[in-house]
Each structure stands twice: as structure tokens, then as C-alpha cells.
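Protein sequence lines, in the order shown, are assigned to chains A and B. Here the first sequence stands for residues 1 to 72, numbered as in the numbering used here. Here the second sequence stands for residues 73 to 279, numbered as in the numbering used here.
Do not rely on the hints blindly, as some may be mistaken.
Quick list of simulated restraints, FRET-style, between CB atoms [claimed, not checked]:
id, chain 1, residue 1, chain 2, residue 2, range
1, A, E53, B, G217, 40 to 46 angstroms
2, B, P85, A, D8, 24 to 30 angstroms
3, A, E57, B, E222, 30 to 36 angstroms
4, B, Q244, A, E53, 34 to 40 angstroms
The following residues of chain A were derived to be distant from chain B, with all beta-carbon distances above 10 angstroms [unchecked claim]:
id, residue
5, R16
6, E31
7, E46
Read the hints as simulated data drawn from the structure, not as lab findings. Everything numeric in this text was worked out from a predicted model, so none of it was measured. C-beta: ideal position from N, C-alpha, C; glycine also.
Here are the chains, one letter per residue:
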Amino acid sequence: MGDRQLADYNLGCTVRPGDAATLALLVDLYEERAIDHIQFQVIPGENLRKGLEAVTEAGIPAAIHAPYHSHG
Amino acid sequence: MNPCAPAAYDSRPLPDIEAHVEEAMTLTFEAADTLGAGIIVLHAGRYLPGEHAAAMEEFPRFLDRYFDPRLTLENLPTVYAGYPLLGNDAQELELLAGGRIDQFCLDFPHLACTTNYRGQVFVEELERFESLNVTLHHLSNIRRGSITDEHLELDHPDGGLDFAAVFGRLRQHRTIPTTLEYKENAREVYARQVRVFSRLWEEYGGR
Chain A
1 MGDRQLADYN LGCTVRPGDA ATLALLVDLY EERAIDHIQF QVIPGENLRK GLEAVTEAGI
61 PAAIHAPYHS HG
Chain B
73 MNPCAPAAYD SRPLPDIEAH VEEAMTLTFE AADTLGAGII VLHAGRYLPG EHAAAMEEFP
133 RFLDRYFDPR LTLENLPTVY AGYPLLGNDA QELELLAGGR IDQFCLDFPH LACTTNYRGQ
193 VFVEELERFE SLNVTLHHLS NIRRGSITDE HLELDHPDGG LDFAAVFGRL RQHRTIPTTL
253 EYKENAREVY ARQVRVFSRL WEEYGGR
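Looking at chain A on its own, in the form it has when it is part of the complex (with noise of 0.2 angstroms):
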């Protein structure tokens, strides 16, 4: 995947605040070149502000996904 030299398709993955791990993959894939863009999935809660705060160190371009019924 690293050795990809054309914007061949523009992928992405989802991550949840608070998920520090799955960042620090996002992060490692994204200087890969393996992706090339986040999904950040709000979801009202303690760890809102902290995984945003992440994300935007992460510096990689982000869509939004709004809160899911399922997210009260």
C-alpha cells in the first residue's frame, strides 16, 4: 500500500473519539499514502473534545459524521 504513487481513489476510515489507537494507525497509514482522509464520528460525551482535539494534531482532512439515533 505505501508504494502507492498515484491518487488512484481517495480512501478513507472512521474513527470514534476517544479512540487514541486507532488514531495513531489512521496517522501511520495516512503517511503511508495507504489513506487520505478520516471520517471523525461525533458522539456527544466526555471524550468529544479530547478525540477532536486529537484528530485536528492528526493534521490528516477529515469529513464529519453527525451523532446516529442510536447516539440518544
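Given the structure of chain A, go ahead and fit chain B onto it with the hints provided.
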């Protein structure tokens, strides 16, 4: 939060529900502003059986309060866990958008669940999304013939998503971002699924 039927499946008083929706949307817009995101994926939500028409009438009221040009309306499966969901196909998404929302998210497994439920042809319903301004794809897998969205891995042995059709569309629209969606054990799953996607891209949609 549940835009098309805020009080359905919710025992809280309506003012509490409305306050929660207000907070949820404020946080959502704040996140989009902070990250510079041009896409905010939105589900129309779930409604009570028999109240489809009421849900179609309620969703525009949500947009009256919370419309933003970044809102991107996603298709949902017809049913999940026994309750009906709104916005199942391209035509219904267009109706819900009401000329206001002009960005759409095409979730391939959601569409496959819908066509399996309705006995429709997946490829035909997929083709109808050509009439919408799709700005994001969502991808995971479903069991063969299933009506239930399970976010299965792309190479799941029981997977039944029509990859020829899916990757054919991805090839035609290769600049539209495709987001993999997994919820459990995400780190381990993504590490492998990104490679699986690359392999499938070459197999079905590569140059």
C-alpha cells in the same frame, strides 16, 4: 438524535430531547469548523412503524432549524433491528433533501440491504444514484442476501456485496472519497481492510 422522528423510541420529555439535539448539532458544526470539513454526514433516522408519512413531514422541520450546506444525506437500510429507517434509495433521498441539501453519501451495504429487503436489483438502484450529487461513499460488507447492516469485513467469507458493481462505480467516480466503516476492534480491522480494499481495487476496478 433522530431528525425524522425526534421523540420516537425515546422516553425523555420532548424539551429534553430537543435540548439534546441542539447540543449534538452544535458539537457537530463545531467539529466540522475545527477540522475544516466540507462534509457532515447525516442520517434521516428511524420512525415508528406506520408513520412513514409523518417522518417525511418532520425531516424538513429539522432542516428548518439546522440546515447547513455541508450536510450530506446518507441512504439507510429499509429496516434495522425491527424498526424502519428513512431515506432508503436515491428517490427518497432527493425528496428528503427538498432542494436544500445538495450533497449525498452513498452507503453501498445500506443500499444492498434495502434491495434485498425489497427484492430489487442492486445494480439498478445503484444506477439511480447517478442523478444525485454523491460526495462520499461508505463501504463495508453484508452477508449474502441479508437485510441487516453488520459492517462486515470486505473479505468476510459470508460477504455478499456485489463488488463488481461497487468497484465499477468507484472506478467511474474515483475522485469521490470512500470511507470504510468499522466499529469494533477498529485498529486491527482497518490495518487489514485497507489492504483488502487495495486488492479489490486492482481486481475489480484497477487500471
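A quick look at each hint next to the structure:
{"no.": "1", "hint": "A:E53 - B:G217: 40 to 46 angstroms", "result": "holds, 43 angstroms"}
{"no.": "2", "hint": "B:P85 - A:D8: 24 to 30 angstroms", "result": "violated, 51 angstroms"}
{"no.": "3", "hint": "A:E57 - B:E222: 30 to 36 angstroms", "result": "holds, 33 angstroms"}
{"no.": "4", "hint": "B:Q244 - A:E53: 34 to 40 angstroms", "result": "holds, 38 angstroms"}
{"no.": "5", "hint": "R16", "result": "violated, 7 angstroms"}
{"no.": "6", "hint": "E31", "result": "holds, 13 angstroms"}
{"no.": "7", "hint": "E46", "result": "holds, 12 angstroms"}
Going down the numbered hints, you'll see the structure goes against 2 and 5, while the others check out.
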